Amino acid sequence: MGKRRVKANDRERNRMHNLNSALDDLRSILPMLPNDAKLTKIETLRFAHNYIWALTETLRMADHQQQPGQHAPRHFQQEAFWPSAAGKPRGCAA
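Heads up, the numbering used here is the position in the sequence shown plus 58, with the first residue counted as 1.
Calculated directly from the structure, the hints in this document are not laboratory data.
Some hints could be false.
Said to hold, decoys possible - Here are the simulated distance ranges between beta carbons:
| no. | residue 1 | residue 2 | range |
| --- | --- | --- | --- |
| 1 | Thr98 | Arg69 | 36 to 46 Å |
| 2 | Gly60 | Leu88 | 37 to 47 Å |
| 3 | Asp68 | Ala120 | 43 to 53 Å |
| 4 | Ala66 | Leu117 | 39 to 49 Å |
| 5 | Leu103 | Asp68 | 23 to 33 Å |
| 6 | Arg71 | Glu115 | 37 to 47 Å |
| 7 | Leu77 | Ala112 | 23 to 33 Å |
| 8 | Asp94 | Val64 | 33 to 43 Å |
| 9 | Met119 | Pro89 | 23 to 33 Å |
| 10 | Asn67 | Ile100 | 19 to 29 Å |
Please read these numbers as outputs of a predicted model, since none were measured by experiment.
Positions of the beta carbon are idealized from the N, C-alpha and C atoms, including for glycine.
With the hints as constraints, model all of the structure from the sequences given.
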C-alpha cells in the first residue's frame, strides 16, 4: 500500500476517533435514564437538537409567563424529545 493511502487512512481513523469522542461527550450530558440503550450517532444528534430546542422554548415561555389553565404544547411532552419513531430509544420499556 502506498504511503499516501496509509496517511489518508490514518487521518480518517483519527477523524472518526475524534467524532466518536465528541458524540460520547454529548451523550454524557443529555438527560437519559441509566438503563437506556446507547443512542446511535444520528439519534444522539437529533435528541440533542430537540433537547436544545425544548430548553430554548422553556426559557421563552418563562419570559412570557404562560396564562393559568393553559397546557404545555404537545412538543413539550417527554416522548417528543426521544429520537426514535417508537418514542423512546431502542431497548427501553414502553
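Structure-based check of all given hints:
no.	hint	result
1	Thr98 / Arg69: 36 to 46 Å	violated (24 Å)
2	Gly60 / Leu88: 37 to 47 Å	holds (42 Å)
3	Asp68 / Ala120: 43 to 53 Å	holds (49 Å)
4	Ala66 / Leu117: 39 to 49 Å	holds (45 Å)
5	Leu103 / Asp68: 23 to 33 Å	holds (26 Å)
6	Arg71 / Glu115: 37 to 47 Å	holds (39 Å)
7	Leu77 / Ala112: 23 to 33 Å	holds (25 Å)
8	Asp94 / Val64: 33 to 43 Å	holds (39 Å)
9	Met119 / Pro89: 23 to 33 Å	violated (19 Å)
10	Asn67 / Ile100: 19 to 29 Å	holds (24 Å)
The structure does not agree with the numbered hints 1, 9 stated previously, though it agrees with the rest.
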